[in-house]
Every structure is written in structure tokens, then in C-alpha cells.
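Enquirer: Protein chains in written order, with the working numbering: chain L, 3 to 286; chain D, 93 to 248.
Derived by calculation from the structure, the hints in this document are not laboratory data.
Small disclaimer: the values here were computed from a predicted structure and weren't measured.
It is possible that some hints are incorrect.
[To be verified] Ranges of calculated distance between the beta carbons of each label pair, as one might list FRET restraints:
1) L:Leu42 to D:Arg133: 32 to 38 Å
2) L:Ser232 to D:Ala237: 34 to 40 Å
3) D:Trp202 to L:Gly136: 27 to 33 Å
4) D:Thr238 to L:Leu23: 38 to 44 Å
5) L:Leu227 to D:Asn182: 50 to 56 Å
6) D:Asp219 to L:Ala9: 47 to 53 Å
7) D:Leu203 to L:Ser232: 31 to 37 Å
8) D:Asp209 to L:Lys216: 15 to 21 Å
9) D:Ala115 to L:Glu204: 33 to 39 Å
10) D:Ala237 to L:Ser45: 36 to 42 Å
11) D:Asp219 to L:Asn194: 24 to 30 Å
12) L:Gln236 to D:Ala115: 44 to 50 Å
13) L:Lys76 to D:Ala237: 56 to 62 Å
[Stated by the list, open to error] Computed from the model, here is a short list of chain D residues facing chain L with C-beta under 10 Å:
14) Ser94
15) Val110
16) Ala114
17) Leu119
18) Val121
19) Met152
20) Val160
21) Ile161
22) Leu177
23) Pro206
Ideal Cβ positions, reconstructed from N, Cα and C, are used throughout, including at glycine.
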Amino acid sequence: MLILFLAMYSWNQRTRALDDLAAEIGLELAGAVLKPLRSLQDSGQDMWDRYFDLVAVREENEDLKQRVNELEAKLLANGEDMAELKRLRALIQLPVDQSWRPLGARVLAGRMGPNAVLDSITISRGYSTGGRPGTPIVTHQGLVGRVLKASAHSAIALLLTDPGSRIAVFAQETRAPGILTGHGTGQPMEVNFVQRAARVHEGEILITSGLDGKYPKGIPVAKVLSVAPSDYTQFMAIKAEPLVDLHHLEEVLLLEPTGIAPPPDLGAPPKEIHGPPAPARPGS
Amino acid sequence: MSALRDILWWLCFLAVAVGIQAAVPGLDVMAVGLIILLQERDYKNMLWLLPAFILLQEGMGTRVFGGVIVWYAAVIMLFRMGRWLFEAENFLFIFLLSACMGGAYYAVAWLMAPLQDLPFNTHDILDKSLIQAIFIPFAWKLLVATRRGKGHVSES
Numbered sequence: 003m004l005i006l007f008l009a010m011y012s013w014n015q016r017t018r019a020l021d022d023l024a025a026e027i028g029l030e031l032a033g034a035v036l037k038p039l040r041s042l043q044d045s046g047q048d049m050w051d052r053y054f055d056l057v058a059v060r061e062e063n064e065d066l067k068q069r070v071n072e073l074e075a076k077l078l079a080n081g082e083d084m085a086e087l088k089r090l091r092a093l094i095q096l097p098v099d100q101s102w103r104p105l106g107a108r109v110l111a112g113r114m115g116p117n118a119v120l121d122s123i124t125i126s127r128g129y130s131t132g133g134r135p136g137t138p139i140v141t142h143q144g145l146v147g148r149v150l151k152a153s154a155h156s157a158i159a160l161l162l163t164d165p166g167s168r169i170a171v172f173a174q175e176t177r178a179p180g181i182l183t184g185h186g187t188g189q190p191m192e193v194n195f196v197q198r199a200a201r202v203h204e205g206e207i208l209i210t211s212g213l214d215g216k217y218p219k220g221i222p223v224a225k226v227l228s229v230a231p232s233d234y235t236q237f238m239a240i241k242a243e244p245l246v247d248l249h250h251l252e253e254v255l256l257l258e259p260t261g262i263a264p265p266p267d268l269g270a271p272p273k274e275i276h277g278p279p280a281p282a283r284p285g286s
Numbered sequence: 093m094s095a096l097r098d099i100l101w102w103l104c105f106l107a108v109a110v111g112i113q114a115a116v117p118g119l120d121v122m123a124v125g126l127i128i129l130l131q132e133r134d135y136k137n138m139l140w141l142l143p144a145f146i147l148l149q150e151g152m153g154t155r156v157f158g159g160v161i162v163w164y165a166a167v168i169m170l171f172r173m174g175r176w177l178f179e180a181e182n183f184l185f186i187f188l189l190s191a192c193m194g195g196a197y198y199a200v201a202w203l204m205a206p207l208q209d210l211p212f213n214t215h216d217i218l219d220k221s222l223i224q225a226i227f228i229p230f231a232w233k234l235l236v237a238t239r240r241g242k243g244h245v246s247e248s
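The following block holds chain D by itself, in its conformation from the complex (with noise of 0.2 Å):
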């Protein structure tokens, strides 16, 4: 995939992802890009990507700045972990890594609550945690179908 076109592949991911989020209350798409982004270990798009995608959070959230820096600090901690027991592009770590992100969802919000003086809503985060630990897999499957030209590292 050309630079260019993998920028434009990438602004048409953020545009998306903005209008998914729209629609379902909760949901992170862009930790979906920030997979991609670390086992394609592109680290010269993730200069410009990770602060979008924080930018972008903070930007359209009620929270104090810094959930969202914790809530990707956790996705990139969750997936170098993983990375040393199973194959990066292995859809099975794809799908231990959502279930692992889902309650680190949980944890972040369980950790911002207090902090910031906000309400806790065990119900409501209990149901987008699951929504966003079920959309990751089904997500990055297309995602990565549609980046059939960029080499993906596979990494045991």
C-alpha cells in the first residue's frame, strides 16, 4: 500500500469510526485502528493516528482529559502481553485480547468514577464493555480484509 493511499485509507477509517460512534453510545472503534497499527508496527502513522484518536475521544467525551490516554495505554500494554504467547495476526488473540479489552474498558471507567466525581453505573459499563469486547474481533476482521496490500508482521 502506497503512503498515500494508506493515509487516505486512514482518514477514511477516522470519518467511520466517527460516525459508528455516533450511533452506538460507548463504543471505541479506534482501538480497533490502534490493533492494526501495532501489529502492522507502524509506528510513523501512529505519530500522527494515536494523538487523533485521543484527541478525538477527549474531544467528543464528558470525562476529564486522561481516560482515554489510560484506556490506550491499557490496549497497547494488553497487546504486547498477548504478543508473547500467540501469533499477532491469530484471530484467537484477536479474540482473547477483546474479552481482555472489554474489562479493561470496565477497569478504566471503575478508575476515572471516583477521580472525577462522576456516578458509577455498574449495568450501564457492564453493557458496553461486552458490546465493545464483542465489536473488536468482527471489526478488525474487516478492517484488516480491506488492507489486504499492507504487510502485516506476523510475530510469534
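The shape of chain L in the complex, shown without the other chains (with noise of 0.2 Å):
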């Protein structure tokens, strides 16, 4: 049994049969059976929400009417800002990237089973819907992490805080490169291979460099949480914690690739910093 089972994991191991066989049909399953359940909950929810939630509504009504203008009064700060901004854009070239289309999805659970061991979420999407292994995932926040196993519509995703992440990055301000590598859950991140002589300050945003060819560039990631330089390397010691609250996640965006070259116009940008070429499509 012993060495019919060592057989089996070999063989998977460099065929991915096995793996891919569990995934098409234990997760479709799974994702088939959360899909309903998550709906359920969230007309609970909505019940909840509406008529039993009434008593808070008022007052934070109040509070949310102060915070529009609040905000509203620093929209008009802002404003002058935000023109400095396009027109830095313009001046500095950003590729404004065509090159990967937004899918919306629902996250349906965290870890599922005791099988799964690596920092990931299950998503509505599957290989048929966008969501293909390797696919980038962001929030309105920032970057989340990227589709590790796909069945046809649901998908396991690696979160950026996973031992096993890496991701290029840049910090926002002094545009010193590093390697984003995460510490399991809760802990935080480090940024590998940051030069001395780089000027990267606490609180600094650390930014996709698309230098990996796997994220496009200039996605938010992490906040600089300290900086120090390394007892044990030639490199800096620096800290970060992810921009996204990946505890409490419920919709995500995908980055579909679409093999769209950016605009002309705006500047050819070297080709590494695009994201990968659009997957064959089944039947092309």
C-alpha cells in the first residue's frame, strides 16, 4: 500500500493529474455548495440590516451626512492635487495598462479543510470566468494576492501574506526595488533586497513594480512599517503590513489579461512591466 502510495504522489507530483482531477471536481463541488449558502446568509443578513438594525440608523445617519461634508471640504483641498497628479502621470509616462480587464468576484470562504494549509481564500470565479491560475487580485485598496487553482467557477487564491509570496515592489516616493515576501497571517511582511543606500521611510507605500511579470505595475500593496538596516545582510531590514484587511474581505477584483498593448500615446513602457500574455482561449 505504502509503495502503491508513493507511486501515486510521484506520479502527481510531476503530472498533476491527481491535483488537478481533486480541483475540477472537489472545488466545483465545494464552490457549488458555498455559492448557495453564501446567498442565504446574505439575505439573513439583509433581513437583519433592515428591520432589526433601524434603532442605529438615525444617529449614523447624523454622523455619515457630517462626514460628507467633511469630506466634500476636502474634496475642494484635493482638487488642485489631483490635477498635479494626471499631470505628474502624463510627465513621468505611467502606463495607464489596457492590458488586464477588472472581473468582480465574491469570496466564498478562507481556508477550507484540513488539506488547506497556505494563506488563501476560495472566489466565485473559476478558469471559464476569469479567475485562471496566476491571475492578479485587488480590492479598491490594493493588491490581495493571485489565483494559485482554478476549477471551472471557483478558484483557490494565495494571499500576499502567504510564506510563499513573492512580489516585486517599489516604495511610492523614493522608488527603491525590493522582493514583497509575506510571514503567514497576522505577521508582517518583509521587503527583501532593499539597498542601503535607499531612503525608504516608515509609512512609505509600497507599490506592484510588474518587474515579476505577474502583477501589473503601480498597484498599492504594503505600508512601510519600519526601517533598519539588516544585522545579517547588505540590505535593508524593512517591515510592511498589507494595505487590504484581509480578514475581512467579501468582494475582490481579478486582472484578466487581455493582451492589449497599452496606448501608443502614452509611451511604449519597457515590455517586463506588462502583465503576462493573454491565456488560449479553449477552442482558439
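Two chains, two frames, some hints: make the complex.
Expert: Written out as C-alpha cells, the structure is:
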């Protein structure tokens, strides 16, 4: 039995046939069960919000009105900054990357079962609906991770906090490049290979550099928590935390590669900063 | 319990198990179903349920295929060893079995981590093993209560 198991294990390591079968059947079935369960949960939540939570609504309304006033004032103040940002973008020719198409997806669950050992989430899109393995996942706050494995209509995404996650990043202001590495849920991430001369500071935002060819350039990823010269290497020891609250994800955006090149008037950026080529469509 | 009712019961069990596993990371609810199948010596249903359990767990998981097979093999082995000493439906037996299964859960994670070059977080796995061990007796009691029509095979 042991020899049989080891033979099966080695064969699957090489061909991934059983992994594909398990994803195709197991993940698809789990997704099919979870989608109606999530709908039921939403209905229950809606009822609760509409009928039982009215007490807090008036107070919340007052708060929100005040907040809207504050935000309108801020918006007016930031108008000039926005104009400047547009000018600067045009100036430095940041690629407005049309090679990625955003697709909304629902988060169905976190880790499921004894075999789910990586920091991951299950989402409601699979390879037939835009969630192919490798597809980057973002929210309006920043990067979440990428699709690890997929069935036809569900997929498992690896979060950027997983110890196996490596993302090529830049510091937004100092433009210092580095590799962002996860250290597990709740643990600060580490930015490796940042030169000692780089003047990265606490609170600086890290954005994807696109140099790894896996993520589009310019997506905010994390905020620097601490910067110090490393005791062991010739680089800086930088800790960072994700911008996205990974514990409370409900909806995410998948960035599907379209294969469309950026518009020529923006200037053709170096080839490597764009995403992977669009995967071949079945039947094409 | 008629065959159709039995199949419906197992389908409901699978749906509930997936729902609970989505709420409690790392927990294996289907292992309780496997214990019930072994207690009832229901090999006919085990023929389709065990592959279904394995495919579901492997599909939902992020490890390379194989870990769940080792884990369920450990569950079956522990059950058969325990049945030599105890009556299969005895709560004490289930209690001891769940404690051993908690240990097996930890051992499988420890075994598979270097094989697949995965990080092994001792505290995290220990917590999950404990949750698994505590969960089994209560889930078993509840599930057996819903299967009163089914004759459990008692064996010393």
C-alpha cells in the first residue's frame, strides 16, 4: 500500500493529474455548495440590517451627513492635488495598462479543510469565468494576491501574506525596488533586497513594480512599518503590512490579462513591466 | 433507514460539512462521517463517499494531492486498532479516538510539510489539531442522534 501511495504521489508530482481532478471535482462541488449558502447568509444579513438594525440608523445618518460635509471640503482642497497627479502621470508616462481587465468576484470562504495549509481564500470565479491560475487579485485598497488553482467556476487564491508569496515592489516615493515576502497571517511582511542607500521611510506605500511579470505595475500593496539596516545582510531590513484588510474580504477584483498593448500615445513602457500574455482561449 | 433516505442524509451531511469547514479553517468535518461509516460497516456507501471526501478535501485544499489520503488512512487505522479494545459505539472510545486523531492530524501536517516544501507553523497546527480533537466527539454524538433508524453495529 505504501509503495502504491508513493508511486501515486510521485506520478502526481510530475503530472499534477490528480490535483487537477481534485480541483475540477472537489473545488467545483464545494463552490457549488458555498454559493447558495452565501446567498442565504446575505438574505439573513439583509433582513437583520433592514428590520432589526433601524435603531442605529438615525444616529449613523447624522454621522454620515457630517462625514459627507467633511469629505466635500477635503475634495475641494484636494482638487489641485488631483490635477497635479494627472500632470505628473503624463510626465513620467506611467502606463495606463489596458492589458488587464477587472472582473468582480465574491469571496466564498477562507481556508477550508485539513489540506488548506496556505494563506488563501476561495472565490466565485474559475478558469472559465476569468479566474485562471496566476490572475492577480485586488480590491479598491490594494493588492490581495493571485489565483493559485481553479476549477471551472471557483478558484483558490494565494494571499500576499503567505510565506510562499513573493512580489516585486517599488517604494512609491523613493522608487527603491525590493521583493515583498509574506510571513503568515497576522505577521508583518518583509521587503528583501532593498539597497542600504535607499531612503525608504516608515509609512511609505509599496507598489507593484511589475518586474516579476505577474502583477500590473502601480498597484498599492503594503505600508512600511519599520526600516533599519539589516544585521545579517548588506540590505535594509524592512517590515511592512498589507493595505487590504485580508480578514474581512467580501468582494475582490480579478485582473484578467487581455493581451492588449498599452496605447502608443502614452509611450511604450519596457516589455517586462506588463502582465503575462493573454492565455489561449479554449478552442482558439 | 431506506437506501434513498440514507443517500439523502449523506448528501445533506456533505453540504453541511462544506459549510462548517468554510466557517472553521482547518477543520475536517468529513472525518466524523468516515467514523460513522466504519461503525456502521456501511461499505457500500463508503465506496462512493470516501472518494467524495478525498476529492472534496483535496479540491478545497492547497497542498499537493496525497495528504488527505494519508490522513484518512490514519483515521481508518486508528479506528480499527481502537475497536480491538473498545465497543465501537462507546463514547469513551470516540473520545480516545478523537484524541488520537488530533495527534494524527498534527503528524500528517508535520509529515507533508517538508515533502511539499511548505512552512510548518507549530502553534497553528497544534491549535487546529486540538480543535479537530474537541470537535469530533460532539459532532459524532449529534450525527448518530440523527441516524437513529440506522442500526449501528456494536462490536467488542
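Enquirer: Evaluate each hint against the coordinates.
Expert: Checked hints:
Distance hint check: the CB atoms of Leu42 (chain L) and Arg133 (chain D) are about 35 Å apart, consistent with the given range 32 to 38 Å. The hint said 34 to 40 Å for the Cβ distance between Ser232 (chain L) and Ala237 (chain D), and at roughly 59 Å that hint is violated. A hinted range of 27 to 33 Å for the beta carbons of Trp202 (chain D) and Gly136 (chain L) is consistent with their spacing of about 30 Å. Between Thr238 (chain D) and Leu23 (chain L) the beta carbons are some 31 Å apart, a value that contradicts the proposed interval 38 to 44 Å.
A hinted range of 50 to 56 Å holds for the C-beta pair Leu227 (chain L) and Asn182 (chain D), which are about 53 Å apart. A hinted range of 47 to 53 Å is violated for the C-beta pair Asp219 (chain D) and Ala9 (chain L), which are about 34 Å apart. For Leu203 (chain D) and Ser232 (chain L), the Cβ-Cβ distance of about 34 Å falls inside the hinted range of 31 to 37 Å, so the restraint holds. Take Asp209 (chain D) and Lys216 (chain L): their Cβ atoms lie about 19 Å apart, and the range 15 to 21 Å holds.
At roughly 37 Å, the beta carbons of Ala115 (chain D) and Glu204 (chain L) sit within the given window of 33 to 39 Å. A C-beta distance of roughly 29 Å is found between Ala237 (chain D) and Ser45 (chain L), which places it outside the suggested range of 36 to 42 Å. For the pair Asp219 (chain D) and Asn194 (chain L), the beta carbons lie near 29 Å from each other, so the given range of 24 to 30 Å is met. One distance hint, 44 to 50 Å for the beta-carbon pair Gln236 (chain L) and Ala115 (chain D), holds here, with the actual separation near 46 Å.
Look at Lys76 (chain L) against Ala237 (chain D): about 59 Å separates their beta carbons, and that is inside 56 to 62 Å. The restraint placing Ser94 (chain D) at the interface with chain L is violated, with a minimum CB-CB distance near 24 Å, outside the 10 Å limit. A hinted interface residue such as Val110 (chain D) counts as satisfied when its beta carbon comes closer than 10 Å to some beta carbon of chain L; here the least separation is about 4 Å, so the hint holds. Because the beta carbon of Ala114 (chain D) sits about 4 Å from the nearest beta carbon in chain L, less than 10 Å, this interface hint is met.
Annotation: Leu119 (chain D) was flagged as interfacial toward chain L, and the flag holds, the nearest CB pair being 8 Å apart, inside 10 Å. Given the 10 Å rule on beta carbons, the hint for Val121 (chain D) holds: about 9 Å separates it from the nearest Cβ of chain L. For Met152 (chain D), the suggested interface contact is upheld, since its CB lies about 4 Å from the closest CB of chain L, less than 10 Å. Residue-level restraint check for Val160 (chain D) holds (minimum Cβ-Cβ distance to chain L is 5 Å; threshold 10 Å).
The interface hint given for Ile161 (chain D) holds, since its Cβ lies 7 Å from the closest Cβ of chain L, which is under the 10 Å cut-off. Hint status for Leu177 (chain D) relative to chain L: violated, with the closest Cβ pair at about 24 Å, above 10 Å. Because the beta carbon of Pro206 (chain D) sits about 13 Å from the nearest beta carbon in chain L, more than 10 Å, this interface hint is broken.
Hint compliance for this structure: hints 2, 4, 6, 10, 14, 22, 23 are broken, all remaining hints hold.
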